[in-house]
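Visitor: Heads up: the protein sequence lines correspond to chains A and B, in order. For the first sequence, position 280 matches number 338 in the working numbering, and the numbering has no gaps at all. For the second sequence, position 130 matches number 188 in the working numbering, and the numbering has no gaps at all.
Among the hints, a few may not be true.
Said to hold, decoys possible - Partial pick of chain B residues on the chain A-facing surface, computed with a CB cut under 8 angstroms:
(1) ARG79
(2) ALA83
(3) VAL86
(4) LEU105
(5) CYS342
(6) GLY359
(7) SER360
(8) GLY366
(9) ASP381
(10) ILE382
(11) ILE387
(12) ALA395
(13) PHE400
(14) GLY402
(15) VAL417
As the list claims (entries may be wrong) - Cβ pair distances, simulated, as ranges:
(16) B:GLN421 / A:THR222: 57 to 67 angstroms
(17) B:ALA294 / A:GLU302: 58 to 68 angstroms
(18) B:ILE290 / A:ALA391: 17 to 27 angstroms
(19) B:LYS127 / A:ARG409: 37 to 47 angstroms
(20) A:PRO119 / B:PRO380: 32 to 42 angstroms
(21) B:PRO181 / A:ASP423: 45 to 55 angstroms
Keep in mind that the hints were calculated from the coordinates and are not lab data. Predicted, not measured: the structure shown is a model, and the values here were computed from it. Glycine is no exception: its CB is placed at the ideal position from the N, C-alpha and C atoms.
Number of protein chains: 2
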Amino acid sequence: VRKSGTGMPVVGMVGGGQLARMTAAAAVGLGVTFRVLSESESESAALVTHDVTVGSHLSLPDVAAFAAKCDVITFDHEHVPGPILAELEAAGTLVRPGGGALRYTQDKLAMRETLRALGIPCPRFAAVSSAADVEAFAGGRLPVVLKAVSGGYDGKGVWICTSTAEIEDVIAHGIPLLAEEFVPFRRELAALVARSPSGQGAAYPVVQTVQVDGICREVLAPAPGLSPDVAIEAEAMALRIAAELGVTGLLAVELFETHQGGLLVNELAMRPHNSGHWTIDGACTSQFEQHLRAVLDLPLGSCAPPDGSFTVMVNLLGGTDPDIFDRYIHVMAADPAVKVHFYGKEVRNGRKIGHVTIVGGPQDDVAAVRDRARRAASYLRWGTEDGD
Amino acid sequence: VRKSGTGMPVVGMVGGGQLARMTAAAAVGLGVTFRVLSESESESAALVTHDVTVGSHLSLPDVAAFAAKCDVITFDHEHVPGPILAELEAAGTLVRPGGGALRYTQDKLAMRETLRALGIPCPRFAAVSSAADVEAFAGGRLPVVLKAVSGGYDGKGVWICTSTAEIEDVIAHGIPLLAEEFVPFRRELAALVARSPSGQGAAYPVVQTVQVDGICREVLAPAPGLSPDVAIEAEAMALRIAAELGVTGLLAVELFETHQGGLLVNELAMRPHNSGHWTIDGACTSQFEQHLRAVLDLPLGSCAPPDGSFTVMVNLLGGTDPDIFDRYIHVMAADPAVKVHFYGKEVRNGRKIGHVTIVGGPQDDVAAVRDRARRAASYLRWGTEDGD
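Turn these sequences into a full structure, and let the hints guide you.
Guide: Encoded structure:
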């Protein structure tokens, strides 16, 4: 049943953040009807989506009523409680990704155990509930990484502990925790893939991500100088994880590239992901369109960038002056090839309020393009090109 | 005054067609607030725009009330009556393009006379009001072209007359007419430029357009084999026309390339234009984003395609079977690099309901890419790859 007057299917996205906002834009050309369940009328996606339902992702009645107006529902975030997902699926709603896959994003211990059982390389880990557990796990080697089993994002819920006192502080939060070995990586990579319910898979080029304080700041697509063997290994690993966990829609696999050139899985996300924002400007099919295609079980689009091109994305963080418009004009004038994407969010210091991308061609130098993108983001934030 | 809670300006577009729809998508990333004045809730743009006002572009109260909620108003079409534009401007509304420029799209005789006075090459023309006037103008050379002075589009309002009887049929309509010499052209080109109120100009690569029965069917961007001198001449001509006529926003100049390689201006449009739809996928800044930047007097974006790339666009016309969805799935599966853009319009035979684009790289052949794009559009229309 296609619940739209246009004869095209209806996708409902639970959550009104920037991922839903960018998905709304992708739905326009694709021609599918797009609805959003948003906590308020002022959320990022609610400002630009035609069909906004205000409601809570924590309320079964709200989510069920929303789902009843859609052919399939999907998610802007991973915070819908498992029991709600289970109820919806039991009632016949097409939930993509389904609760069976999403639980691995809500329970990092289950994710780690499952990946280990599949033979996917991960950092060494253990469930811990006391400082003694952590000490036993670490065996005297510090730092050690502690992670909240559920609810973490953007560096929240991850602690890199360098002393017993720090370990005790984290334990004192009283939340379920996982200890992981600290991996001294060469760099961080991300492999983004799509998988449809029919089992079709598609892989974007593997990218390098640059994190500061746990927040993604830059993405270089494709990852500069990555050996083709490692790129293929990362793509194959992500496609295999998507298939083994039953993911539908997008799966982002955050990876450590070790100094020996090996790969270890750091985190998983089952939705459009910050490491894929570059695809709006830099790939044939944006990750947002791809997610819509995948959750609708439509044939997937080409993930390819234009021949010989590369893309640099820099996240735009808010600064201390909320009136960004004059700085925006400066950036547009300074570099006509900069693509600024705003999320419609109030400016707050350190908050992700948008991103900047520049697509480079065969004649361009990655470092020079990266410098231009950084300057644009810096100017938008601070009014100077050489800020943080 | 920026009339938006996000601190970004508000653009209102009068008219709810596909141009407004695609502009709505462009506004999302740009971060400006976008509103539409649409004749109904079911128009193309009204289906995807957050802020839709239902009203008539022929009603001064409707347009004025809409304009009061916007920092600047612009247009999806050229049918707002001149007196309404004049009233709005007298009241201080920022109308872009303004009535002084738009009148040249509503009065082809004024357009021709003004271009002639500027020394811009045009087909020979004359105002005519009787068959005798037309015969005198044609001097025995048929065919002769008759055009409605106002209101024509997509081949409507243009008649290529090959006999006195046909001329008399057109005269019998009793509308103001213009006679033009029939130009036996090599091909049709289009030059698309943007001009901001501050006077900044930007030119897209000149494209070849292929018309069938007065309807644009294909666009090849850039125009294959066009000499750089002619390309520069066309771009300079379009920029000059934009400046001389005081156009703000986009200006599309439809051109004949004669067998001698000369250029003649056929038509003008002061809005995003079918000949520029390729820019969504094939240029750094889409024409829709560029129009928003220009009418807001923001610095213009780069018009450049990725290095070495070209784009083919084929318009998607409706066929006789309205249920397009299964054919859409076929097309997505057959060619993952095809970009289909739907307008949310009911399928009717011969109606423009979307367009298809494919971006080719330095290794690709224009004819082969054009064939792929045609096959996709044909399959969507007829369920066969080799239809019309």
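Visitor: With 8 angstroms as the cut and Cβ atoms as the points, is SER360 (chain B) at the interface with chain A?
Guide: 4 angstroms, holds
Visitor: The hint names GLY402 (chain B) as touching chain A; please verify it with the least Cβ-Cβ distance against 8 angstroms.
Guide: 5 angstroms, holds
Visitor: Per the CB criterion, is ARG79 (chain B) less than 8 angstroms away from chain A?
Guide: 6 angstroms, holds
Visitor: Does the nearest C-beta of chain A fall within a distance shorter than 8 angstroms of the C-beta of ASP381 (chain B)?
Guide: 6 angstroms, holds
Visitor: Cβ-Cβ distance between PRO119 (chain A) and PRO380 (chain B): within 32 to 42 angstroms?
Guide: Holds, at about 36 angstroms.
Visitor: Less than 8 angstroms between beta-carbons is the criterion; does LEU105 (chain B) satisfy it with respect to chain A?
Guide: Holds: closest Cβ of chain A sits about 6 angstroms from LEU105 (chain B), inside 8 angstroms.
Visitor: Would the stated hint for ALA395 (chain B) survive a check requiring a Cβ distance to chain A of less than 8 angstroms?
Guide: 4 angstroms, holds
Visitor: With 8 angstroms as the cut and Cβ atoms as the points, is PHE400 (chain B) at the interface with chain A?
Guide: Constraint on PHE400 (chain B) satisfied, holds at 3 angstroms.
Visitor: Would the stated hint for GLY359 (chain B) survive a check requiring a Cβ distance to chain A of less than 8 angstroms?
Guide: This hint holds: GLY359 (chain B) lies near chain A, its Cβ roughly 5 angstroms from the closest one there, short of 8 angstroms.
Visitor: Regarding ALA294 (chain B) and GLU302 (chain A), is the given constraint of 58 to 68 angstroms on their beta-carbon distance met?
Guide: Roughly 59 angstroms apart at Cβ, these two residues keep to the hinted range, so it holds.
Visitor: With chain A as the partner, please determine if VAL86 (chain B) meets the hint condition of a C-beta pair closer than 8 angstroms.
Guide: 4 angstroms, holds
Visitor: That 57 to 67 angstroms hint for GLN421 (chain B) and THR222 (chain A) (C-beta), does it hold up?
Guide: 60 angstroms, holds
In summary, the one numbered hint that this structure violates is 19.
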